[in-house]
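Chains as they are written, first to last, in the UniProt record's numbering: chain A, 1 to 152; chain B, 1 to 152; chain C, 1 to 152.
None of these hints come from the bench; they were simulated from the model.
Any given hint might turn out to be false.
[Stated by the list, open to error] To give a feel for the contact side, a few chain B residues facing chain C, derived at Cβ under 10 Å: (1) HIS24; (2) HIS26; (3) SER68; (4) ALA69.
[To be verified] FRET-style restraints, in silico, Cβ to Cβ: (5) B:GLU131 <-> A:ALA92: 37 to 43 Å; (6) A:ALA75 <-> B:ASP93: 37 to 43 Å; (7) A:GLU42 <-> C:ALA59: 49 to 55 Å.
[Said to hold, decoys possible] Coverage of chain A stretches by chain B, computed from C-beta distances (three or more under 8 Å per stretch; other residues unrestricted): (8) 9-21; (9) 43-56; (10) 77-83.
All values derive from a computational prediction rather than experimental measurement.
We put the CB at the ideal spot given by N, CA and C, even for glycine.
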Amino acid sequence: MPVQTDSPPLAALYAEVQQFYARHMHLLDAGAAEEWAETFTEDGVFAPPSAPEPIRGRANLTAGVRESAENLAAAGEVHRHLLSMVAVEPQADGSLRVRSYAQIIATPREGTPRLHLMCVCEDVLVRESGELRVRERRVTRDDRPDLRPGTA
Amino acid sequence: MPVQTDSPPLAALYAEVQQFYARHMHLLDAGAAEEWAETFTEDGVFAPPSAPEPIRGRANLTAGVRESAENLAAAGEVHRHLLSMVAVEPQADGSLRVRSYAQIIATPREGTPRLHLMCVCEDVLVRESGELRVRERRVTRDDRPDLRPGTA
Amino acid sequence: MPVQTDSPPLAALYAEVQQFYARHMHLLDAGAAEEWAETFTEDGVFAPPSAPEPIRGRANLTAGVRESAENLAAAGEVHRHLLSMVAVEPQADGSLRVRSYAQIIATPREGTPRLHLMCVCEDVLVRESGELRVRERRVTRDDRPDLRPGTA
Numbered sequence: 001m002p003v004q005t006d007s008p009p010l011a012a013l014y015a016e017v018q019q020f021y022a023r024h025m026h027l028l029d030a031g032a033a034e035e036w037a038e039t040f041t042e043d044g045v046f047a048p049p050s051a052p053e054p055i056r057g058r059a060n061l062t063a064g065v066r067e068s069a070e071n072l073a074a075a076g077e078v079h080r081h082l083l084s085m086v087a088v089e090p091q092a093d094g095s096l097r098v099r100s101y102a103q104i105i106a107t108p109r110e111g112t113p114r115l116h117l118m119c120v121c122e123d124v125l126v127r128e129s130g131e132l133r134v135r136e137r138r139v140t141r142d143d144r145p146d147l148r149p150g151t152a
Numbered sequence: 001m002p003v004q005t006d007s008p009p010l011a012a013l014y015a016e017v018q019q020f021y022a023r024h025m026h027l028l029d030a031g032a033a034e035e036w037a038e039t040f041t042e043d044g045v046f047a048p049p050s051a052p053e054p055i056r057g058r059a060n061l062t063a064g065v066r067e068s069a070e071n072l073a074a075a076g077e078v079h080r081h082l083l084s085m086v087a088v089e090p091q092a093d094g095s096l097r098v099r100s101y102a103q104i105i106a107t108p109r110e111g112t113p114r115l116h117l118m119c120v121c122e123d124v125l126v127r128e129s130g131e132l133r134v135r136e137r138r139v140t141r142d143d144r145p146d147l148r149p150g151t152a
Numbered sequence: 001m002p003v004q005t006d007s008p009p010l011a012a013l014y015a016e017v018q019q020f021y022a023r024h025m026h027l028l029d030a031g032a033a034e035e036w037a038e039t040f041t042e043d044g045v046f047a048p049p050s051a052p053e054p055i056r057g058r059a060n061l062t063a064g065v066r067e068s069a070e071n072l073a074a075a076g077e078v079h080r081h082l083l084s085m086v087a088v089e090p091q092a093d094g095s096l097r098v099r100s101y102a103q104i105i106a107t108p109r110e111g112t113p114r115l116h117l118m119c120v121c122e123d124v125l126v127r128e129s130g131e132l133r134v135r136e137r138r139v140t141r142d143d144r145p146d147l148r149p150g151t152a
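Input sequences plus hints: build the corresponding full structure.
Below you can see the structure in the form of structure tokens.
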């Protein structure tokens with residue numbers, strides 16, 4: 001009987017990570033604050049370079065997106081978050097370290113789209129109840145390479 | 001005897017969808033009108049926000065790309081269609097609902113490339129003779145969020 | 001006993017190619033010249049449209065990236081290479097022909113990111129010691145469609 005190997009484990013993982021990020025960013029850009037926050041762990045941390053402190057926990061993550069969505073609506077702008085060049089590094093503890101590039105595209109109503117920010121995104125993803133979730137995210141802006149998340 | 005599961009079905013599907021879109025957009029951007037139209041079903045529908053009515057069927061799809069390609073050649077511009085953040089949702093009937101972001105990049109000869117349009121692309125893909133094809137496509141521009149495809 | 005097919009070969013290959021490119025571009029954009037050159041074969045060739053001759057071999061590839069990295073550091077700019085719409089065509093000899101779009105994003109310190117160049121990237125990838133490597137790369141700029149790599 002042939003050995004049953006876990007056939008393409010990278011392929012399965014890679015597709016799952018890409019699908020996860022697609023839904024995750026669709027939620028973010030739609031302003032679906034609570035659903036987006038649920039793609040983090042309960043105590044998930046998001047360290048954007050523009051915040052003085054990392055944002056911790058789903059309630060704060062939800063509040064942050066809700067505020068951003070209101071500001072964008074008031075400004076008449078749509079933002080899109082596009083991740084690319086996604087490198088997935090499985091860790092011994094089962095978590096995934098993922099490094100990617102993030103383009104943030106801003107489009108004003110009746111206006112011209114622009115590349116608003118170019119960033120590097122470093123995530124720790126974990127599996128909970130079968131689903132991938134972000135436990136930790138650190139984002140660095142290319143225009144402010146010296147500005148470390150959480151130290152602004 | 002071990003159970004033979006369909007090992008990573010999402011992975012297989014996800015890779016196939018990405019490969020499909022890569023070839024599909026390479027054809028479009030090369031102005032290969034007929035070959036591109038063949039990646040739709042015979043009665044495939046493409047509803048861009050800029051058209052007063054959805055474009056129906058391969059003959060019309062071919063004619064549309066041919067006209068666009070001629071206009072771009074006359075203007076000395078190259079357009080590229082880049083899909084990202086691709087979320088694939090298999091449906092009970094075997095079709096796939098796919099939501100993605102589309103950047104359209106325009107580059108004039110000897111000029112500077114620019115992000116021409118930022119869009120959301122919603123496709124229904126089906127399988128015919130083993131190949132994926134677009135049965136339905138609806139595209140929304142971020143600069144005109146209220147403009148529904150086919151209602152312009 | 002059921003036949004053991006190579007379950008999703010495209011999926012495995014596709015994920016591996018994407019992961020390869022992600023790491024490859026992270027190395028390039030970090031200015032990790034030697035590590036980047038090691039993702040080419042020993043006699044690998046890179047034909048950018050801006051060079052009068054193709055760059056051949058790891059020593060020259062390393063030198064080229066080192067020089068670029070120094071120039072970028074002096075200019076206070078970060079460059080990112082983003083591949084998308086990746087079409088993988090396995091060849092009879094086991095190599096892979098891969099065609100993709102490349103956005104090169106430039107961000108000055110404290111400045112606004114811009115789409116610096118839009119290119120098409122045509123690679124031949126081969127496997128050495130289990131790892132994918134670039135044996136040949138030809139890049140064409142959309143703003144100079146008539147300029148063939150190596151003929152500038």
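The hints, checked one at a time:
1. Residue-level restraint check for HIS24 (chain B) holds (minimum Cβ-Cβ distance to chain C is 9 Å; threshold 10 Å).
2. For HIS26 (chain B), the interface hint holds, the least distance from its beta-carbon to any beta-carbon of chain C being 6 Å, beneath 10 Å.
3. About 16 Å separates the beta-carbon of SER68 (chain B) from the nearest beta-carbon of chain C, more than 10 Å, and the hint is not met.
4. For ALA69 (chain B), the suggested interface contact is broken, since its CB lies about 13 Å from the closest CB of chain C, more than 10 Å.
5. The hint said 37 to 43 Å for the Cβ distance between GLU131 (chain B) and ALA92 (chain A), and at roughly 41 Å that hint holds.
6. Evaluation of the 37 to 43 Å hint for ALA75 (chain A) and ASP93 (chain B) yields a pass: the beta carbon distance comes to about 41 Å.
7. Between GLU42 (chain A) and ALA59 (chain C) the CB atoms are about 52 Å apart, so this pair conforms to the stated range of 49 to 55 Å.
8. For the segment 9-21 of chain A, the assignment as covered by chain B holds, since 8 residues bring a beta-carbon within under 8 Å of that chain's beta-carbons and 3 suffice.
9. Given a C-beta distance limit of less than 8 Å, the hint that chain B covers the segment 43-56 of chain A is violated, as 0 residues qualify and 3 are needed.
10. For the segment 77-83 of chain A, the stated coverage by chain B holds: 5 residues have a C-beta nearer than 8 Å to a C-beta of that chain, and at least 3 were required.
Hints 3, 4, 9 from the list above are not met by this structure, while the remaining hints are.
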